[in-house]
Structures are given as structure tokens and as C-alpha cells.
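Chemist: Could you put together the complete structure from these sequences and hints?
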Amino acid sequence: MAVKVYGKPQAVCPQRVMHCLVEKGVPFEFVLVDIDAMEHKRPEYMEKHPFGQVPFIADGDFELFESRAIVRYFASKYADRGPNLLGRTAEERAKVEQWLDVEAITYSPCAFSIVFNLFLLPIRGLPGNKGEAVASMEKLDKILEVYEKQLARTKYLAGDEFTLADLTHIPVTRYLVEHCGLAYLLDDKPHAKAWWEDVSSRPAWKKLMSFVASGASFYAP
Amino acid sequence: MVVKVYGKAQAVCPQRVMHCLMEKGVPFELVHVDIDTMEHKRPEFLQKQPFGQVPYIVDGDLELFESRAIVRYLAAKYADRGPNLLGRTPEERAKVEQWLDVEAINYNPWAFPIVFNLLVLPIRGLPANEAEAGAAVDKLNKVLEVYEKQLSKTKYLAGDEFTLADLTHIPATRYIVENCGLSHLLDDKKHVKAWWEDITARPAWKKLSSFVETGGSNYSP
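Those sequence lines, one after another, are chains A and B. Under this note's numbering, think of the first position of the first sequence as 1, with each following residue one higher. Under this note's numbering, think of the first position of the second sequence as 1, with each following residue one higher.
Please keep in mind that the hints were generated in silico from the structure rather than gathered at the bench. Treat the hints with caution; some may be incorrect.
As the list claims (entries may be wrong) - Quick list of simulated restraints, FRET-style, between CB atoms:
(1) A:R42 to B:A135: 16 to 26 Å
(2) A:R42 to B:N179: 35 to 45 Å
(3) A:A2 to B:P90: 11 to 21 Å
(4) B:R42 to A:Y184: 27 to 37 Å
To be verified - Dumping the calculated EDC-like pairs for lysine to aspartate or glutamate here, alpha-carbon to alpha-carbon at most 20 Å:
(5) B:K142 to B:D188
(6) A:K149 to B:E63
(7) A:K142 to B:E39
By construction, the Cβ of each residue, glycine as well, lies at the ideal position given by its N, Cα and C atoms.
Modeler: Rendered as C-alpha cells:
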């Protein structure tokens with residue numbers, strides 16, 4: 001039975017999970033959850049995801065939520081295929097975990113505040129909070145300065161191979177760069193810029209973008 | 001060479017790491033970082049932890065930051081001793097990761113402003129943002145309702161054994177319950193309350209609390 005991913009294909013967190021599955025060549029079925037109609041806050045949905053968020057996955061009988069827990073699970077389960085996404089030693093794995101947590105706790109809350117106010121609210125015809133967005137942009141610039149220092153030393157965040165630590169950044173960063181006009185934040189950071197161009201040209205990421213654009217429900221490698 | 005933990009003993013994130021080391025019976029040295037004089041924002045410290053936060057650790061040649069990455073590393077490195085903190089199968093590990101991420105992303109963002117406004121600022125003689133604290137208390141209460149449901153199904157968050165997913169909650173929750181006058185948040189949630197009493201009665205946690213109170217800097221099991 002194929003993996004099922006429940007969510008909205010345009011949403012950042014489901015995209016993280018789908019990208020990981022595409023990197024690993026694992027087929028899946030995408031099951032649409034109608035966020036706009038608040039399906040994710042209804043009791044039937046909250047039986048599966050008690051915090052009313054997307055995505056959750058079903059892998060046979062096994063159900064899991066939190067996109068970064070899900071990608072760690074798949075990266076381990078399919079360690080034998082596709083790129084190594086978790087490091088090759090205990091120390092490398094620790095660096096992957098370090099940057100995964102930086103993304104979760106420091107990068108994404110800031111990035112999300114920008115995407116929410118400059119993109120999500122406007123497309124729903126609602127006013128975004130410009131002040132909050134600008135404050136978040138200043139914070140994000142400072143965070144990216146730290147990333148620039150790291151990426152001047154290593155090709156990817158956790159070392160010299162692409163790992164989950166890079167992967168989890170991609171969906172929200174794409175929104176920042178392509179829909180919120182923030183490409184300029186990378187212009188004075190040549191290593192961060194090169195990293196972004198590299199990770200966003202990965203074949204698996206491009207495949208995912210086509211999949212999302214096509215509105216398909218079934219992915220097979 | 002003994003593991004070195006850099007941080008302030010009373011701070012939540014260093015306590016997570018020290019508690020894990022004590023559960024595993026691993027000796028360490030706590031190297032005090034003087035947060036009150038902003039030592040963690042000075043260039044020498046930022047060389048080690050570029051976001052200017054505590055803790056970071058040094059284990060031989062490995063330097064690592066992000067307390068939850070550190071405890072994952074230590075729990076894996078010392079899997080052969082002390083309690084099993086990471087689950088026994090890939091599915092159990094995935095549940096540990098799920099609740100670790102819930103703590104980082106859904107729990108801590110409310111726990112932190114409560115502790116900051118109701119404990120940290122008053123200690124420094126600075127005015128607290130009561131509205132921010134009040135809003136965070138309401139949010140945390142809703143999160144704890146989800147925990148109540150989970151803990152009526154499993155003894156601990158990720159299953160029937162104590163894991164990292166429970167451990168990472170303890171330091172901030174202790175401040176909330178003991179120093180912010182909010183023990184009532186647990187009173188109407190009998191499974192959460194039982195879980196809290198169980199995990200705070202763990203010998204390693206009690207050892208850590210004494211260590212902090214006595215101003216310890218070197219721990220040997």
C-alpha cells in the first residue's frame with residue numbers, strides 16, 4: 001500500500017514531505033485536505049492530527065505528523081536508496097539535527113511571518129501586517145548572515161552533502177524568493193545565494209513542483 | 001576528556017542537556033556563560049554558537065548547539081547505557097521525533113513567554129508584558145488538552161516508555177508550575193498531572209535540580 005500524504009499541495013509542510021519522498025524515489029498518494037474550508041480544524045481530521053495542522057502521513061498502519069519527524073522517518077527507512085540525507089557518522093547526523101532545529105525554531109517562524117503577511121493574507125483579500133513583515137525581514141536578513149558564514153565553510157548546511165537540513169528550508173524559501181520579492185536578501189550573500197540556486201535546481205525538487213502544478217494525486221518515480 | 005556544556009545552570013535549554021547526560025550517567029563539566037552580562041552575544045561566544053544562544057557542547061572534537069540536537073546525539077551515542085530514550089523500532093523513534101517537534105514548535109513558543117514574563121523579567125526588576133503572558137497561558141492550556149488526550153492512551157508522550165520527547169518538556173514546565181503560579185493548568189488534566197508527577201520524580205531530574213541549586217560545575221555519576 002502506498003504512502004498517503006494528507007494536506008494541501010501548495011502548503012509548505014506537505015511539500016517538505018513530498019520532496020523527501022521524491023528524492024528517495026518512493027511512490028505516494030496525495031490526499032487533499034481543504035484548508036480553505038477549514039477541514040483541518042474539523043473533529044474527524046483532528047482525530048488524526050490533534051493540533052489541526054498539515055500534513056500527516058499514513059504508511060500502512062503507521063500514522064505520523066510533524067513534517068520534520070516524517071522526513072527523518074523516511075530518510076531512515078529508505079537509507080539504502082537515493083541520496084544519503086542523514087549524514088554518514090554520528091557526528092554528521094548531529095550536525096544535520098542541529099541545522100534541522102535551526103530551521104524549525106529560528107528560520108521558519110521568521111520566514112512564515114513574512115509569507116503569511118505578504119502573500120497568504122493578500123491572496124485571500126485580507127490586509128497583511130506590513131510592520132510585522134518588515135520586522136521579520138530584518139530578522140531574516142540577520143539569520144541569513146549566519147547562514148552565509150556557515151556556507152562559506154561547507155557546501156551545504158550540515159557539511160559537504162545535501163541533507164534533510166537543507167531540504168526542510170526549500171518550500172518556504174521558495175515562497176520568500178518567488179512570491180514575496182525577497183531574492184535581494186541573497187544578493188549580498190554569495191554562498192547563501194549559490195546554495196539556494198543549487199538546492200532549488202535539484203531534479204527531485206523540480207519534479208515536485210511539476211507534480212504540484214499538475215494537480216495530480218499519485219506520484220510514481 | 002569530559003563533555004563540556006556551555007551555558008547558565010538555571011537556563012532551560014542547558015538543563016535539558018544536563019538532564020540527558022545524568023539519565024545516561026555521563027560525566028560532564030558545566031562551563032558558566034554569564035548571560036546577565038550578555039557574554040553570549042560577544043564575538044568570542046558567537047564563534048561557537050552563531051545565534052548567540054545557550055547551550056553548546058564540546059565532546060572531543062565535536063562542537064554542537066541546539067539543545068534538542070544535542071540530546072538526540074547523546075541519546076544515540078550512549079544508547080547502550082541508562083534508559084532507552086529514542087524508542088526501540090523505527091516507528092517508535094518516529095513517534096519520539098513527532099513529540100520532540102511538537103515540544104519545539106507547538107509547546108515551547110507558549111511556555112517561553114510565560115516563563116520570560118512571569119519569572120525572568122520580574123527577577124531582573126523589569127516590567128512584564130502581562131497580556132502576552134495571558135495569551136500564552138490560554139494557548140498552552142489548549143496544547144495541554146491535546147496532551148491529556150494522548151496521555152490517556154499512552155503512559156508517556158511517544159509510547160509506554162520515558163523518552164527524549166518527555167525529557168525536553170521538563171525544564172520549562174517546572175518553571176511554569178513551580179515559579180509562575182500555574183500548577184492549576186495541570187489540575188483539571190489528570191493524565192497530564194500524573195505524567196508530570198512521574199517524570200519530575202525521576203532520580204536523574206532530582207539530581208539535576210540539586211546540582212543546579214548547589215552551583216555545581218562538575219558532574220560524575
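Chemist: Hint numbers the structure violates, sorted upward?
Modeler: none
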